[in-house]
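Asker: Starting from the known structure of chain A, fit chains B, C and D onto it as the hints suggest.
What follows is each chain in one-letter form.
There are 4 protein chains.
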Amino acid sequence: MPEPKKLSFACDYEEGAHPNILKRLVETNFEKQPGYGADEYSESARARIREACGAPEAEVYFLAGGTQTNANVIDAILRSYEGVVAATTGHVAVHEAGAIEYCGHKVLPVESELGKISAAALEQYLSDFASDGNRDHMVQPGMLYISQPTEYGTLYSLSELEEIKAVCERFSLPLYVDGARLAYALASPANDVTLKDLARLCDAFYIGGTKCGALIGEAVVFPRKGLVRKFFTSIKQHGALLAKGRLCGIQFDELFRDGLYFKVGGNAIRMAIKLQKALKEKGYELLFESPTNQILVVLENRKMAELEKKVVMSFWEKRDDTHTLVRFATSWATREEDVDRLISIL
Amino acid sequence: MPEPKKLSFACDYEEGAHPNILKRLVETNFEKQPGYGADEYSESARARIREACGAPEAEVYFLAGGTQTNANVIDAILRSYEGVVAATTGHVAVHEAGAIEYCGHKVLPVESELGKISAAALEQYLSDFASDGNRDHMVQPGMLYISQPTEYGTLYSLSELEEIKAVCERFSLPLYVDGARLAYALASPANDVTLKDLARLCDAFYIGGTKCGALIGEAVVFPRKGLVRKFFTSIKQHGALLAKGRLCGIQFDELFRDGLYFKVGGNAIRMAIKLQKALKEKGYELLFESPTNQILVVLENRKMAELEKKVVMSFWEKRDDTHTLVRFATSWATREEDVDRLISIL
Amino acid sequence: MPEPKKLSFACDYEEGAHPNILKRLVETNFEKQPGYGADEYSESARARIREACGAPEAEVYFLAGGTQTNANVIDAILRSYEGVVAATTGHVAVHEAGAIEYCGHKVLPVESELGKISAAALEQYLSDFASDGNRDHMVQPGMLYISQPTEYGTLYSLSELEEIKAVCERFSLPLYVDGARLAYALASPANDVTLKDLARLCDAFYIGGTKCGALIGEAVVFPRKGLVRKFFTSIKQHGALLAKGRLCGIQFDELFRDGLYFKVGGNAIRMAIKLQKALKEKGYELLFESPTNQILVVLENRKMAELEKKVVMSFWEKRDDTHTLVRFATSWATREEDVDRLISIL
Amino acid sequence: MPEPKKLSFACDYEEGAHPNILKRLVETNFEKQPGYGADEYSESARARIREACGAPEAEVYFLAGGTQTNANVIDAILRSYEGVVAATTGHVAVHEAGAIEYCGHKVLPVESELGKISAAALEQYLSDFASDGNRDHMVQPGMLYISQPTEYGTLYSLSELEEIKAVCERFSLPLYVDGARLAYALASPANDVTLKDLARLCDAFYIGGTKCGALIGEAVVFPRKGLVRKFFTSIKQHGALLAKGRLCGIQFDELFRDGLYFKVGGNAIRMAIKLQKALKEKGYELLFESPTNQILVVLENRKMAELEKKVVMSFWEKRDDTHTLVRFATSWATREEDVDRLISIL
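Residue numbers (my numbering), protein chains in the order written: chain A, 109 to 454; chain B, 109 to 454; chain C, 109 to 454; chain D, 109 to 454.
Since the hints were derived computationally from the structure, they do not count as laboratory data.
Keep in mind that the hints are not guaranteed to be accurate.
Identical chains blur together in the list; that is why a pair holds if it fits in one copy or across any two.
Stated by the list, open to error - Calculated cross-link-like contacts (lysine to aspartate or glutamate; reagent style EDC-like; alpha-carbon spacing at most 20 Å):
hint	residue 1	residue 2
1	K390	E414
2	K382	E165
3	K338	D236
4	K426	D240
5	K426	D244
6	K426	E231
7	K338	D244
8	K338	E414
9	K114	E148
10	K333	D244
Because the structure is a prediction, the values reported are computed rather than measured.
Extracted from the complex, chain A is given alone in its bound form (with noise of 0.2 Å):
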């Protein structure tokens, strides 16, 4: 039962949407539109993030939410006895209830840090398989799957990204870049990841909604032709196809007309940083500088107890006995006056 009056930092998904793309729904309801992702919003919003993403050969498809388009994506682009090679800690990894065993494929952990693996990581994991006598006896690693921002909300560089390509492409491995707060890299002057870099490196990525300000949504961009095939049919056969395809349609259409999917981060990104300077000025222990929308804190468990009298934050994980490492989240619509409240309290 929700708390009214709690402040809350508990995650990026709390409100509805962007007000821009509520007055968009609204203006457009009555219209008749085809289904299935046939609607003129959706064409136009393809359209739009080809054009962001400077690949106008792109397929682009909506789907509704994360662990959906990651088990969508994963299981198009892999063969049956393919497994997706992730972070220890990536979202595939771990939360998403197994969505990928699900539709038959392993998971394959490497090891990483604050969710990150590097290119070296991954390359001895990749040398070690090829050179394991028993390897056709193993699932075989059929594509790498990484976010960005990761779980921890750190970002992959460019120049990282791309030794990270270098090593896929050496062992012929698809990459796959999960982007559910993909709005929050963009807007982080930590962050020299653009939309063209993710095109032109990965073989297939998501631009997500639902966490970056629309009510539901992923785009999902194949920025070359041909890595997959009939993937409309691999959506129905998931009972991931909307019928109502323009409500994704007209969200993202939404999103990609004037940039609002560039700037709908910078509140969140703010926002962070002004509470991450008060944290630091308070004495509270990071678990690193978060140079997007989510902060990890060490808190000692009586701390920890106390705040949540007045306070909604996420459990992350236990530290030890007497101490939890916490999230504190901001979003598109975190309002300064909340951040203030929560600084006084801290």
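Answerer: What follows is chains B, C and D alone, placed relative to chain A:
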């Protein structure tokens, strides 16, 4: 590409949502609500649905679309060696791109007429199976799937449903009803099956939103506790869990506030009756007298080509070399002036 | 519980293995051989099969049984959104407990007669699919499965097979032939389809061992390289890789040494011809004149009950309230004295 | 290609079958027996196994190989949203090509040492899961998989097994033991876990045949009725049902007649002890003192290259740039003269 000038009776999901729903989405947009269906609107919607179904113990879940809902419910009810019995023309049998098989389950087709299975045909099928010496080498019938209204727009009467239920009980088969267009059944003068009847007779059913005035969303109802376990996790595993559960919660809360769901089908039925009357008067061959919002008409191909210049209808199937079966669908949003224009064209 | 005194014509896998096979297993028993099909006998058997098929490039794999083989081959050929087209009476469609659906693939049934699909029916089915406006919402036909001999014991003639192949090519559909009882086809005087024909016309087929004189084992042949990738790993993933691959290797090496496989069916055919002649003379109603080792007879139920006291036969299906279709099967091991005893009982 | 002159200690499945088994296959070859495990030998073997396990109610099934058995049992026990907890080094976790994930289930790895999970580590894992706020978004632990002996050849003691069982019971987790090499555990002087103990403590386990003197075959034991339903159909669905069930039935009937299964491991253990003693005397570094038939030795790479000219051993893993861990395996068929030759080479 849409042609705004052409009339369309192609399907019942060409518009957005009922205006009350959009209004409510706008009003609640900036409220912070927990994710994954724990929001207060989902809670309230579940309570209203339980009451409308006379099923105070019912477990209610919201999913995004029909194919997804069928796959989730069927996979949750069946053991892995079981299949779902369905009409040869059932949606799960034909038009879901193998979503059920994707979950590992065979669809076991039973002869049907205009979308309906008879209790007698079901009993015959199950008796034959039970007495087949090879049955242990065959997929075990694990549940029954029917649709109300059916894919043809026909209706099961209460007595037909009770007879089917009796057969199901005799063979220990859970009964599941796909109510993708349930609002149109409930609003039909020919209908005598209430939500309370469904709750009493079914082991699971879903109340369709997408085709009945919502943007997206279907409400799964398990009238009695305990049929499936961990359905929340199962939904997540299927990639079907919405982060912003409020999107469905708000819509169904509105649909079941002041009986909107029971009114929303009324317009469609009135428009369908008017159109059907005109078709008959003009000598068109109806496949049958439709009690709901889908009208199936046999058209001479030349006539069809002529009509298609002015109105979008839906191809159903080839009848012979010179005739085609087409569908006209009305909906909650169909305007009488469009029906009049269509009649004038016919 | 077996009743040794009763005659049995129940099926063609009631005995162990052809004596030559057992002899070879004993002779080679203490040789150390590498596992998983890398042994010299598997290598030799593969070479002999390639030669017998006139397919020097063929990839040959050994699996344990028919259902397993079908599931492995079909799953390896199909993409996840594809289904396998098969006769309504095809083994994969009915008697494999959903093994194909378990791999996520729908079996797409085509009308058949006495187990056979006609090229015309196949073409009709594929044309209808190609012109169906909803086809993107449906399982895509991805390959054709037929059996030689069929489940009824009937045979495709070479010209029928060539016509089917032509349709497959027109629709880019790989052709797969289930040869569970292939030895009985090859030994039939009515047969004009050779192993070389199969290798020329099929994209994959299997040469049945279990029902043709081996203890277990089926030999999958992909006549041309490259249709499937990583089949070894795929077999392992399906739990179908034998550690002691020699068990199949030795058996098929023996079956294809000195043409044993071509002789092994001869006894069955001779016995079937004799039995069939007697049945006709005694006025029994044969479902059709069988060219192979399965004879389907319509029995009056009282007659059946009487016969069942002295001979085990196989229930096929209920014909009406007073008649049943039953099967008598002969095999490589059927003794003429047993056929004579059966004839005297009839 | 095999090199008959080279010694081989590569694995424990390089020969055919124990001579008693072959003899019995030959003797029974022409008896007509019903298929699919309904033969009298399977019946007798099941009875003998029930008796050896002190489990008169046990359900016993025969399958062909270890990976297949694991996939069948695990899939039958788990609900679709559940995963199997296993050692990080468990066979199901690494070397089954994703057979478990293919069934839709995640393998949930728990830290292990030399193949063994401790009750404490298991309890920690399960407690952490139970208290994780995100657990409903994660694969639910649904059963425990351990191996006896483990993949390293180590053994669980009876008290260790009882402690593990106690944790399983506290968390309502069925316990399943993979006994691929169980004969070698039973014959080890270090072992104190009997078949009766396994039947008492496990919810399911299998008695390995393939690696313990049979041609193929594993005997699954469910000591108490009712854990899984329709396992026969499930086996068929997995493509794992042998038409000639007699092949396994005869082998296990022989293995459990006159206690052959308890003797068959003895030779392997004696040979392993002798070899291990020699290795130590010659200053080789053993990874640990092996109680069963697998000996893991750290070899300097140059030494390894030298040895490989004369003896086949099994690569285990790279230790560092100059050292490799290799395995020598003995079996029921290992000849003392070969051990002596190996020792003279070392």
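Asker: Between the shortest in-copy and the shortest cross-copy C-alpha distance, which are at most 20 Å for K338 and E414: within, between, both, or neither?
Answerer: Neither. Shortest intra-copy (53 Å) and inter-copy (32 Å) distances fail the 20 Å Cα cut-off.
Asker: Pop the pair K426 and D240 into one bin, within, between, both or neither, using alpha-carbon distances up to 20 Å.
Answerer: Between. Shortest inter-copy distance 9 Å satisfies the 20 Å Cα cut-off; intra-copy 36 Å does not.
Asker: State whether the alpha carbon distance between K338 and D244 is at most 20 Å within one copy, between copies, both, or neither.
Answerer: between (29 Å within a copy, 8 Å between copies)
Asker: Using 20 Å as the alpha carbon limit, work out where K333 and D244 are close: within a copy, between copies, both or neither.
Answerer: between (30 Å within a copy, 19 Å between copies)
Asker: Indicate which option fits the pair K382, E165 if close means a Cα-Cα distance not exceeding 20 Å: within, between, both or neither.
Answerer: neither (40 Å within a copy, 47 Å between copies)
Asker: Can you tell me if K338 and D236 fall within 20 Å by alpha carbon in one copy, between copies, both or neither?
Answerer: between (34 Å within a copy, 19 Å between copies)
Asker: Measure nothing new, just compare the shortest in-copy and cross-copy C-alpha distances for K426 and E231 to 20 Å and report within, between, both or neither.
Answerer: Classified as between: cross-chain Cα gap 16 Å, same-chain 31 Å, threshold 20 Å.
Asker: At 20 Å max between alpha carbons, let me know whether K426 reaches D244 within a copy, between copies, both or neither.
Answerer: between (38 Å within a copy, 18 Å between copies)
Asker: From the Cα coordinates, with 20 Å as the cut-off, is the pair K114 and E148 best called within, between, both, or neither?
Answerer: So K114 and E148 pass the 20 Å test across copies only (15 Å; inside, 42 Å).
Asker: Pop the pair K390 and E414 into one bin, within, between, both or neither, using alpha-carbon distances up to 20 Å.
Answerer: within (16 Å within a copy, 65 Å between copies)
Hints 2 and 8 from the list above are not met by this structure, while the remaining hints are.
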